[in-house]
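> Could you slot chain Z onto chain G? The hints should help.
The lines below spell out each chain.
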Amino acid sequence: MNNRGIIMLFVLTLGCVKPIQRSLTDAGLETLNTMSRKAHVANIDVVDKRPPDELESLSPEYAYVIFLLIWFQSYQEGHVRPEAELYSKDVVKEMQTLLRRAIDKSRLFTPGEGEPLTLKVELKHLYGISHAAIAMIATSGVATSTTRTFAPYGFASAHVELLDSFGAKLVDREVIGYFDPNINHILGGGTAQSVSFTDSLTHAAVQAAGHLAGNIVKAIEPAVSQYPVVAGSTPVENSSTFFIARHTEEGPFVEIAGINYETGEIISVNVIPRWMEPFSGINEWVVDPYFGGQVRLTPEEYDKLVKRLQKKYRVRYTTDIRVAHFFGVQ
Amino acid sequence: MKKLILVSLLLVMGCATPIGMYGHNPEVLWLMKTEEPNIEIPRYSGDGTAVVIKRFENASLVPIGGHFIGEEPCSGCIAQSYAPYGDISPAIYEATVNILRANGYPVWKDYLCDPMAIAGPIGYKSFLVYHGVIRELEIDTFQDKGPLDEAARTVIDFEVLSSDSRKLSTFQITAKVRIRRGSGDVLEALGFRVARELAVKLNAGATL
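Chains as they are written, first to last, in my numbering: chain G, 206 to 535; chain Z, 0 to 207.
Bound conformation, chain G alone:
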């Protein structure tokens, strides 16, 4: 193999196999699982604000090339990123569809009922990326090439606003989503199998978009807790069972224990994937602000619950002004 052939080896690996054309609508979705509120998202506006250079592909650049008679040596290092069009032909439309799927899957809203809300999403970044280093040496007809590539990684970020029917902003914040094949295996997603390294990068980008969509719904959930639950008022005041919860050390899971209020008996223990944003430090037992992982209690509802529990149990606001720690029976 001549030197030119060696030089082109990595480029061929990336570019010769026809990459799969993906769509954001194929992303795996992981979002909340909560009681529905009397509100609905009437409009989803997505604006593409990605920087223009993020839409172009990237490949490793030469750090040096040494060519001396029969000796050739080169070193390339840099980021690898496919063209943005490969993971979405129409990012605005596909993102709108993805967000609608995430909203419907969460069951947080009740279609057509209650307050009509508008969700505005300004997409700031979306890409799949990796990093590669290629060292080549060729002399006297012998060539060696060492390539080191890092795992593909997907990243997405957006500025999100949720407005009520009067145009008042209920949410105004940044949300991110990411995909790491080593830890996001639970996302799944229906994208086609990767045939080339480029495909693994576009797969990462699509899954990052899905993670972003799910996180956007999680991010707007606190603001929606002011609307009544469709099933009726949350069963806090007279419930015979209350719940304590702790974030586990081993990943994004919450351990929830159901306790009989009168007897103090533990009647259920479940570990569920944490669909909400974190509400306490790791391994700290708190009175569950999501009442058994079902529905977020308003500050007033939660405070009433804490006062009721304090009659029989050691419950105190310690380091957090909103979430009370549980220390057992009095």
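A couple of the hints might just be wrong.
Said to hold, decoys possible - Pair ranges (Cβ atoms, derived): (1) Z/P41 x G/D309: 44 to 54 Å; (2) G/P321 x Z/M115: 11 to 21 Å; (3) G/K254 x Z/E135: 17 to 27 Å.
Stated by the list, open to error - In the EDC-like style, the derived pairs of lysine to aspartate or glutamate whose C-alpha atoms are separated by at most 16 Å in a straight line are: (4) G/K329 x G/E259; (5) G/K423 x Z/D113; (6) G/K329 x Z/E135.
Hints listed in this document are in silico derivations from the structure and should not be mistaken for laboratory results.
As the structure is a computational prediction, the values presented were derived from the model and not from experiment.
Glycine included, C-beta positions come from ideal geometry on N, C-alpha and C.
Then chain Z, alone, in the frame of chain G:
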């Protein structure tokens, strides 16, 4: 001529700062000296204003995924490390607020971050709210033919709000740390440094 080329080659290979993954240049972290993870921060000497520090939002672009380290330890074998599940901003947040409280600072956490105005800590009629957004967060692992080092850097934008959610002021904190792997948690160590920067603000007057 051959010697010149050879020396140039060696210089290029040996002195170049390794390029970080995913668009980041870890020169700052690479050049740092290794330190102890935990540091002391000054005891509280402020005006007693209670401050509620909301859970840090993470708006940074830095990935937190798994990493790939070369088979041989070398100064070029850089990889993004530290792959905890889920959010990582709570680790920095927890360390920051816990170390401040341990040193007598009147600060409280607000994990739930309700968008509406909050009641504040018990016993305090007035209080301030610090709302932090992590703009940059970089975590790197370095190998240099020896034990691994871990390093982290962050930039956090803060808004200072009144108890009725009026914006009073803004400020920015930057913090960085490099520790020996196994000597502690690098995000916790970073939290200590963030706490030290916040301590300066709180002692000078919480609204500044």
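> Take the hints in turn and mark each one as holding or not.
Each hint, compared with the structure:
{"no.": "1", "hint": "Z/P41 x G/D309: 44 to 54 Å", "verdict": "holds (52 Å)"}
{"no.": "2", "hint": "G/P321 x Z/M115: 11 to 21 Å", "verdict": "holds (20 Å)"}
{"no.": "3", "hint": "G/K254 x Z/E135: 17 to 27 Å", "verdict": "holds (19 Å)"}
{"no.": "4", "hint": "G/K329 x G/E259", "verdict": "holds (10 Å)"}
{"no.": "5", "hint": "G/K423 x Z/D113", "verdict": "holds (13 Å)"}
{"no.": "6", "hint": "G/K329 x Z/E135", "verdict": "holds (15 Å)"}
Consistency note: the structure conflicts with none of the earlier hints.
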